[in-house]
Amino acid sequence: MSQQAKSPAELELELHELRLQLAASQERESKCSAENSWLLKGMAMLTRPQSIHSLFDALIAILRPLIGFEHATILVLEKQEPQLRCAVASHPLLQQQSWQRGPLFERVLTGETVALFAPELTQEFAACHPDVQRMAGSVLLTSLNLVQGRMMLICCHSARHRLDLQARDLLERYRPLMDQALLNVGYRSRLELLVEEKTRALRQSQQCFRQFAEMASDWFWLTDANHQFIQFAEDVEGEEFTSSLMSQIRGKCFMDYLTDRERSKAEKWQRHRQDLAEHKPIRAFRFEVFFNGQSRWLSINADAYYDDRSQFLGYRGTVNDITSQVVRNQELKRAKMRADAANQAKSQFLAVMSHEIRTPMQAILGMLELLDQSELTSKQRELIRHVTHSAALLQTLLHDVLDLSRIESSEMTLESIPFESHFVINSVITQLEERARSKQIGLQVELDPQLPPLLQGDPLRLTQILFNLLGNGIKFTAQGQVKLSVRRENRWLHFRVQDTGIGIPPELCSELFRPFRQLDPSMTRRFGGTGLGLVISQRLVSLMGGEIGVESQLGVGSCFWFRIPCYEVQGGTGVEVMAARELETLPTLQILLVEDSLVNQQVIQAMLRKLGHQVTLASNGREAVAAVAAATPQLVLMDLRMPEMDGLEATRRIKQDHPELPILALTANASEEDRVACRLAGMSELVSKPVTSRRLQMAISDVMGKKNGQL
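Residue numbers for the sequence shown follow the numbering used here, so the first one is 968 and each next one is one higher.
By construction, these hints were calculated from the structure, which means they are not laboratory data.
Be aware that a few hints might be false.
Stated by the list, open to error - Calculated lysine-lysine pairs in the DSSO-like style (CA-CA distance at most 30 Å, straight line):
no., residue 1, residue 2
1, Lys1235, Lys1303
2, Lys1219, Lys1232
3, Lys1313, Lys1303
4, Lys1046, Lys1165
5, Lys1247, Lys1235
6, Lys1300, Lys1313
7, Lys1450, Lys1406
8, Lys1577, Lys1622
9, Lys1442, Lys1346
10, Lys1346, Lys1577
11, Lys1219, Lys1247
12, Lys1346, Lys1303
13, Lys1300, Lys1232
14, Lys1235, Lys1165
15, Lys1406, Lys1442
16, Lys1219, Lys1235
What the hints assert, rightly or not - Label-pair restraints from in silico Cβ distances:
no., residue 1, residue 2, range
17, Arg1250, Phe1279, 15 to 25 Å
18, Glu1616, Gly1470, 53 to 63 Å
19, Arg1167, Arg1305, 49 to 59 Å
20, Gln988, Ser1021, 40 to 50 Å
21, Phe1279, Leu1144, 53 to 63 Å
Virtual Cβ for every residue (Gly too), placed ideally from N, Cα, C.
Using the sequences provided together with the hints, build the complete structure.
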């Protein structure tokens, strides 16, 4: 059965329906195209450089016409943060609203897009402000990814069902595009922030370097392969000389400006050119240039630099104007020369004064000694003793001043000979026993059984230190005792001088080791002294490689201590043998006494005759040479400073014909330089004035003993 043909009315109805469907399809396509165009335009807006808040505002502005919401807010959940915070909102109430994180928000944050037609029934919106609830008749929620976490978009409309499932589907359809756009913007923002931070750090570093360069005294420079300057750090602000140099020296080298004095140092510049030829590093190379009418000293540091093919391109480095430093060094050198000259003048003055003072002191002490050996009444002998004591104090003052001067000018050197430790200590005690006995105080000694019997060092200076410390202890002790303790501890010798004297306030102990320093000026009038003994002791202990100190309590007493290295000698003999020979009776000797002072001639001649010797006199070196040529004596006592010919020249001439003749220097010159000069001239030994009969006998015994091979 054939199909019944449709009537024209039916065909017209179908055609009308098809036209309606096509129109609806075209309307949907146009709407979708408009949405896509608007959304793409909005995404383009999101990619523009802007802050995160501007970005969120732009997102709300893009979605508002598409979704049809009245108000919206964006909540951000950053990593490691449990609470949601409002980043941006289209209404102040939404901006002020504090949101609770409930089950609904958890669904949205996990990726679900939710449409609510009765939002007040949820936990999150039930806790909202009533005005917010009225704004949220229908709600659309979704979440998007951020670089630093997630964000949640809340769209609100006051009418029920206004934000429906169709709006949800639309938002869900475009969410991946918005998600990627936000991530891209986030990454770009992070990158821009990182670039900005690095740029800021670079600028700060450049500014810091520029400030350092401006403050530094060095200039940076660059040369070519021919060592011609091609670049300077022109932004460095220096002196007028610096700026002028940088503008004029380009294309030249420093060697074009060398002073004549610098050019004369051919060997120095030959080595420098060789270093340049071998491309060696240059470090602190100093030289003088003449530039713009003035002389300057420069110091350069540089290293060679190369291209990618290791081809030498030149040097780059720094140059520093050290003129002020060189001038200061030259001034210091001149000041040192002046100080040395002044010190030399002082030494010469002290030598002259020593000679001029010791010469009359020899006469005074010698005459007093001879007078004391004559027949005197008890009253006369007492007067002689007082005068002798005063003269001895004057001699001690002279020795202290000369010793301090030699120590300060580094002229004093220590001997290093074997000596008997017990003998040196006991000799000091023996000399001071009478002084302690006269004050009715005790003087005790405590020696360590482990004290080595034989030591290596300077016995004379050790005696001087002990004499100063024990003498002070006796001087400032009115009753009680003074005790010397000596013990050995490993490589050190410890000495302690304990007294029961007046004591010293602890805060003033440090003042004791300053020259000419006494704690109370009245002490000088009451006890006497120069204030040099402790200073000299401190310097001597320091020369020995030790240290010295004091412990004291006012009204109780003081303890002065020092320690020096212990150098023990195994076997042999020391000073004890020499001391024993002091008492030996010498045979009668033929002695030539060479002395320009008539008074000293009489005094020393009388001493020698009392010792049993025969004496011939000469007043200067020329007479001494003639006397030895006429009749050779067994011993010559020779003064140094004499008119016509001094003792050193006379000794050299005598030694030419009589090399075995012992010559003993008997002089007021007692410095180490004088001793060396005497030995170089050929003298056997030196004895400083003033001398006593005992010292003179010991010196003659020593010299004659060496000549006869007894030692």
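Taking the hints in turn, this is what the structure says about them:
Only pairs whose Cα atoms come within 30 Å are accepted, and lysine 1235 paired with lysine 1303 is accepted, the gap being roughly 27 Å. At roughly 21 Å between alpha-carbon atoms, lysine 1219 and lysine 1232 fall within 30 Å of each other, so this suggested pair holds. As the CA atoms of lysine 1313 and lysine 1303 are separated by approximately 15 Å, the hinted pair is consistent with the 30 Å bound. Taking the CA atoms of lysine 1046 and lysine 1165, the gap is near 24 Å; set against the 30 Å cutoff, the hint holds.
Simply put, lysine 1247 and lysine 1235 have alpha-carbon atoms about 15 Å apart, close enough for the 30 Å limit, and the pair holds. Of the pairs offered as hints, the one joining lysine 1300 and lysine 1313 holds, with about 19 Å between alpha carbons and a cut-off of 30 Å not exceeded. Taking the CA atoms of lysine 1450 and lysine 1406, the gap is near 15 Å; set against the 30 Å cutoff, the hint holds. For the hint linking lysine 1577 to lysine 1622, the alpha-carbon distance of about 29 Å falls within 30 Å, and the restraint holds.
Proximity of lysine 1442 to lysine 1346 is assessed by CA-CA distance (about 26 Å); at most 30 Å being required, the pair is judged to hold. For the hint linking lysine 1346 to lysine 1577, the alpha-carbon distance of about 25 Å falls within 30 Å, and the restraint holds. Annotation: proposed proximity of lysine 1219 to lysine 1247 holds, straight-line Cα distance about 20 Å (limit 30 Å). For the proposed pair lysine 1346 and lysine 1303, the alpha carbon gap of about 57 Å is over 30 Å, so the pair is violated.
Proximity of lysine 1300 to lysine 1232 is assessed by CA-CA distance (about 21 Å); at most 30 Å being required, the pair is judged to hold. For the suggested pair lysine 1235 and lysine 1165, the alpha carbons sit about 48 Å apart, so the restraint of at most 30 Å is broken. Between lysine 1406 and lysine 1442, the direct Cα distance comes to roughly 9 Å. Compliance with the 30 Å bound is thereby established for this hinted pair. About 20 Å separates the Cα atoms of lysine 1219 and lysine 1235, which keeps this hinted pair within 30 Å; it holds.
For arginine 1250 and phenylalanine 1279, the Cβ-Cβ distance of about 19 Å falls inside the hinted range of 15 to 25 Å, so the restraint holds. Taking the beta carbon of each, glutamate 1616 and glycine 1470 are about 56 Å apart, inside 53 to 63 Å as hinted. Taking the beta carbon of each, arginine 1167 and arginine 1305 are about 58 Å apart, inside 49 to 59 Å as hinted. Range check, glutamine 988 to serine 1021: Cβ separation about 44 Å, and the 40 to 50 Å hint holds.
In this structure, phenylalanine 1279 and leucine 1144 meet the distance hint of 53 to 63 Å, their C-beta atoms being roughly 60 Å apart.
Comparing the model with each numbered hint stated earlier shows that hints 12 and 14 do not hold.
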